[in-house]
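Chemist: Got chain A; can you put chains B and C on it based on the hints?
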Amino acid sequence: MIKYILRRFVNYLILTVVATVFAYIAASLFFFPRRRYLGVNPPIPEDSIDGILSAYGVNDKDPVLLRTWWWIERVLFEPLSQKLGQDLNGDWVVLEIISRAGLSLRLLLLGALLAAILGVALGVWGAVRQYKASDQFVSYSSFILISTPTFVGGVILMIVATNVNDLIGFQAIRFTGPSTPGIDGFFPQVWDGFVHLLLPTIALMLFGAASYSRYQRSLMLDVLGSDFIRTARAKGATRNHALVKHGVRVALIPMSTYFAYSFGTLVAGSAFLEIIFSWEGMGKYGIVAVQTSDVNALAGNVCFTAVLLLFSSTLSEVLYAALDPRVRV
Amino acid sequence: MPEPLLQVKDLTVTFPNSRGGVRAVRGVDYTVDEGEFLGIVGESGSGKSVSSLAVMGLLPSSAKIDGDITFRGDSLLGMSDRQLSRLRGREMAMIFQDPLSALTPVYTVGQQIQEALTLHDKNLQKRTAEKRAVELLKIVGIPAPERRVKAFPHEFSGGMRQRAMIAIAIANDPTLIIADEPTTALDVTIQAQILEVLQKAKEVTGAAVVLITHDLGVVAGNVDRVAVMYAGKLVEKGPVDEVFHTPRMPYTMGLLRSVPNMLTAGKERLVPLEGRPPNLAELPPGCPFADRCPAVQDRCRTTEPELLAELGDGREVACHRADEIAAGTLKPNDIFPRPPHEERELKESDTLNPVVRAQDLVRHFPLYKGSVFRRVVGSVKAVDGVDFEVLPGETLGLVGESGSGKSTTALEIMELVTPQRGSLEVAGKDVGTLSKAQRLQMRQDVQIVFQDPMAAVDPRMPVGDIIAEPLTVHKVPRAERTRRVLEMLDLVGLAPEMTDRYPHEFSGGQRQRIGIARSLITNPKVLVLDEPVSALDVSVQAGVMNLLEDLRDRLGLSYLFVAHDLAIIREIADKIAVMYLGRIVEYGPVKEVYETPRHPYTRALMSAVPVPDPAIERERQRILLTGDLPSPTEDIPGCNFASRCPLFRMLDEDRQARCLGEDPAAVPHGGSTVACHHVDQIGQLDDVDISALSPTGD
Amino acid sequence: MSMNAQQPADHSADLSQDLEPTASLIAATTDRDSAEGPSSHRPISRGRLVWRRLKTKPNFYIGGVMVALIVAFALFGDFFNIYAQGQQDTFNFNSPPSGQHFFGTDAIGVDLYASMTSALRKSLLIGFLAAPTATLIAAIMGSLAGYLGGPFEMFTNWLINLLLVLPVFYVLMIVSPAIADPSNLPAALQWLGFLPAWGLLVLAIGFFSWMIMAQIVKNQTKSLKEREYVKAARFMGVSTPTILRRHIIPNVASLLIIDGALGVAMAILAETSLSFFGLGIQAPDVSLGTLLQDGTGAAVTRPWLFVIPASFLIALLTGVALVGDALRDAIDPTSEVNRA
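Residue numbers (my numbering), protein chains in the order written: chain A, 1 to 329; chain B, 330 to 1027; chain C, 1028 to 1367.
Do not take every clue at face value.
Residues on chain A that point at chain B, a partial pick, calculated with CB under 10 Å [claimed, not checked]:
{"hint": "1", "residue": "L221"}
{"hint": "2", "residue": "S226"}
{"hint": "3", "residue": "D227"}
{"hint": "4", "residue": "F228"}
{"hint": "5", "residue": "I229"}
{"hint": "6", "residue": "A234"}
{"hint": "7", "residue": "A237"}
{"hint": "8", "residue": "T238"}
{"hint": "9", "residue": "N240"}
{"hint": "10", "residue": "A242"}
{"hint": "11", "residue": "H246"}
{"hint": "12", "residue": "V250"}
{"hint": "13", "residue": "P254"}
{"hint": "14", "residue": "S316"}
{"hint": "15", "residue": "L323"}
{"hint": "16", "residue": "D324"}
Everything labelled a hint here was simulated from the structure, so no lab data went into it.
Note that this is a predicted model, so its numbers are computed, not measured.
Virtual Cβ for every residue (Gly too), placed ideally from N, Cα, C.
So here's chain A without its partners, still in its complex pose:
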């Protein structure tokens, strides 16, 4: 069992490495960092530009594969804080990631967890009450929520919160940035952080829960007609008891794989939310990196995301093995 999980982990680890290297190559091909230094006044001599770019290891005059090799070398042999090189601002990417990761993870993990719980609960509930008004309501709400990108949902929540604040006359729901600057004391700070977390977390949770609930519902419907539910009822379990004790338990198994597949969507969704809510997190770092053609920053970002997905995939394998005795050997 542990061997199995470990093997899966190694498997994902290799994929993570391959994905990051691919991302570096692709970014090197498509990004043109030189442009940043071209149209400036007074013009910078070409030699100096080459010098700056070469220092970062992103000079387009060097062949892409060579640059990739240098990058890999750095990752392998440099000290930890310098492994991923510098971004175009001259900051070490690893340090940048460390300072930003906490913010992003706070939103992402909380949102994902709540989305999973809410999604599974709604999916089960909808399936058990199939075609009743409440199921219809949940179904249509899910369709609308799935169709609402997080950056739209976030803005809508902001409009709502502004109106609420206006209505009650003071800033009850603060949503710009991860915290309000200048608050002292532990508890006020924690409370402030919580308030700021509220809207983006709700946006992420609703977006995730909507698709989880659709999937969970259809899994439950598959399970509802299965023979073992009939057996459980034949033993003397009531319909609801059989559904909860046997049905949900079995329907959760494929769900654990789905979590892993959909986590990427959540990562992208939370990146959008960071920008909407002006959080200096990893998502923002990534999008700014694309906007400024910052190869090292983007490669670092992809690496971070890939490691995150590596852990989520492994976690879902663990979950799968815990839920399904058939893979436990």
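Modeler: Relative to the frame of chain A, chains B and C by itself:
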């Protein structure tokens, strides 16, 4: 007379759809007395399972149920799910067909048995429940129950899972057990074990048992009374001996005459029961069997006969002409005359070159592990060195249980490539030496008919194209193709206007005829038939079997006939090869093998096949095999049957050692070849009563 | 531990199919029912059957009407408007929706209604071109991988697994500089430079969103390959391309149709997200994404600039999702019968 345990009165079940609904059950009456063993027989779609699910209250909520069901005088239909759930499992239990899907995969077998106990006794201590679960597993004959109680369903074989299902059913000493096709998914030798366990369960609990099945043989050997169901209604009911010996409803007669009987097969022909059951969504007025009944009269088409006990002899029949039949003026042989049987005369085999000859044929499948880094961790020895030959005009029957490798053998021939080991010759040519063009040419000579008529034809192609497909490969012009298709349709008894219809418009039997037509269109020399009738309803089987026999004799075809059913093989084959775990254990002329089986496995297999005759069934001595088929991935040094061999357990130590240490080679005995060291000892099996139920450890 | 043994076919062969589960009973009778209708005795193709079932699904009508209305608005909306896309009305800055400017104007007096029709046309174009592209790639890759197996299947598996650790959106982000400015295309792809930005976006989305579908097609093909009629064709000597064309592709077509429908929503969403962050369609072109980006800053003070494009986007995506859901129900008859 005491009140019956279960009384079903005028039960009707309708599944609503956009056009009003499908009436799956249309007015069924029956009673079950305490401790009785009732059999309900019917073909697929007859409503037998639906009616029993209605009794248990387990139909989908969309089903509309009318009539009355009383259990010990209490009406079940008005009860809430909660009230019913107190009865289910405690008073009435049910055993389902497919034991794999019927157990929850994520809980251990023990947990699932314990749940049956704790659901009805909330105060039961966990430890007591555990102990009881072990006891129950022991009762149903699962070896090492203390260990197995912690196993998950997927770690059990099919037979063991069904035993576990029975353990769940008897956990609370119910008074009624409904077994819905409990052995249909299992092999004959396992079926024999399970039926034995079911009998034992009945003895232990004293419960009444309702056995629902399509298999007349299974009914014959077990039940006291039998009810025959057709198109949602009971059409005949009575004590099992009387119904089997003097059936009064033409449908029962047809069914009994169409089913192959291992004891009589090959001596008389099967009687086909033409047509198919009516569509329950659009039932015409009158008797639903009228269209298929040779004794039909005008009134049969206007009024539907009621199930009546007119003669007062405890038998009930739903037929307008039941009185004539009972009086003996209308005999079964008049209604369903048996086609004349012709003795087959085979040419002298020495002078003929075999059309198929396999020598030491091997097919192993690598066993992989892992999804991204796949690596071979072992191999499945599906076919492990078999020798056989098929002579022109001859039929070789390949028989065995699932996992014996018989279908793999058949498919291996179809591949027409060099085997992994050994050699394969078709029409005198070694297939390993064929060029690509020659191989394509040879494909005309060897054609295949598959088991599942649903899967064997592409649902998106019209029948004409399906049948002509083999010709497209050989660049036959369109006009010629059309001509051949019409010829083939005529040959298999289908109308020419069928060519532009799609497969879903045909019944299973018709689809199988389409498959046969497709296989014959290239004028093949050999037909490989892979379980060609086992997916068909009994009444349809006979028609297809007779067609196959006629075609063979008319066209001079050779058949390699793969089947698990010994009766079918005896009906059609000239020679038989019995396979076990990738090997042929006995090979010889049908007559010889059936009359003097020399391998203990052949013996056990033959004794496990139920015969549709209650009197014979009661007399028969069964040789039960213990346990399950070993995994084909195992390396077994000696005889691979030793672990289950009934003879092995009677031998002295020296002989046993030989079985365990030395792989028996196939040696001629009489007209057959047998792979057993102790053919001379086989007589021991005749004398001793072998009770294989007692587990021999693990 | 997953043990992938290629089991001998014996197992299923010996299970007598003479079962009587209620599900198949109902499914079979309903099928036969509709097939042997009194109206005709002609064979009814599966397409017609699906269409009949589809017509009973309310989601199909709700979603279909939503999508149809939006498409009609995008195509014909301009007939009712006097302003052209991008045209400024210097007398009306920041005016809320009115009789003159149906959807209001922005800070420089650009008519939102005119922008909306133009943006929708662009987003719809991208959606309806990128989704079939992805589906086509999925069909080819999936069926080949499933039928051929071996190294090609391994390769496809790797690509799909890679997706597990690298979200599609990140891939699109990496190639987005080329969409914003085709001169950023790497040398090997310079020949694509003639394409407009939306054309490159179609290619990018189509090229990077086929993997999950290919996985499903692959699994379906593998099970079809074991079907007896495919085996029979092989034993007749029918060639592999013919088998794929004659037996495999038609039988996975229904899956592909569902995927194509749902893919439209995915593609529009991808386009909108990229453009929203300035990585896709660039000014002076407009798409739903750029309009939303422009509207976000004004969301609180001039809500129409955000709410109107947002509502259209949500309505469009919801409509497509509802149609896709109805299609799935109609194509897969087991998706709703016999639920206890």
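Chemist: Tell me if the interface restraint on L323/A is satisfied: Cβ within less than 10 Å of some Cβ in chain B.
Modeler: OK, holds: L323/A within 10 Å of chain B, min 7 Å.
Chemist: Does the interface hint hold: is H246/A within less than 10 Å of chain B, judged Cβ to Cβ?
Modeler: holds, 5 Å
Chemist: Would you settle whether the hint for A237/A is holds or violated, based on the nearest Cβ-Cβ distance to chain B being less than 10 Å?
Modeler: holds, 6 Å
Chemist: Quick one, is the V250/A hint okay against chain B at 10 Å, beta carbons?
Modeler: holds, 6 Å
Chemist: Does the closest beta carbon of chain B sit nearer than 10 Å to the beta carbon of D227/A?
Modeler: holds, 4 Å
Chemist: With 10 Å as the cut and Cβ atoms as the points, is D324/A at the interface with chain B?
Modeler: Status holds, d = 6 Å.
Chemist: Identify whether the interface hint at S316/A stands, where standing means a beta carbon of chain B within less than 10 Å of its own.
Modeler: violated, 14 Å
Chemist: Using 10 Å as the Cβ threshold, decide whether P254/A counts as touching chain B.
Modeler: violated, 12 Å
Chemist: Can the hint on L221/A be confirmed by a CB-to-CB distance to chain B that is less than 10 Å?
Modeler: violated, 12 Å
Chemist: Using Cβ atoms only, decide whether T238/A comes closer than 10 Å to chain B, and label the hint accordingly.
Modeler: With a closest approach of 5 Å, the T238/A hint holds.
Chemist: Double-check S226/A for me: the hint is only fine if its C-beta lies closer than 10 Å to a C-beta in chain B.
Modeler: holds, 6 Å
Chemist: Go through the hint on A242/A and say holds or violated, using the shortest Cβ distance to chain B against 10 Å.
Modeler: holds, 9 Å
Violated hints, listed in ascending order, are 1, 13 and 14; each of the other numbered hints is respected by the structure.
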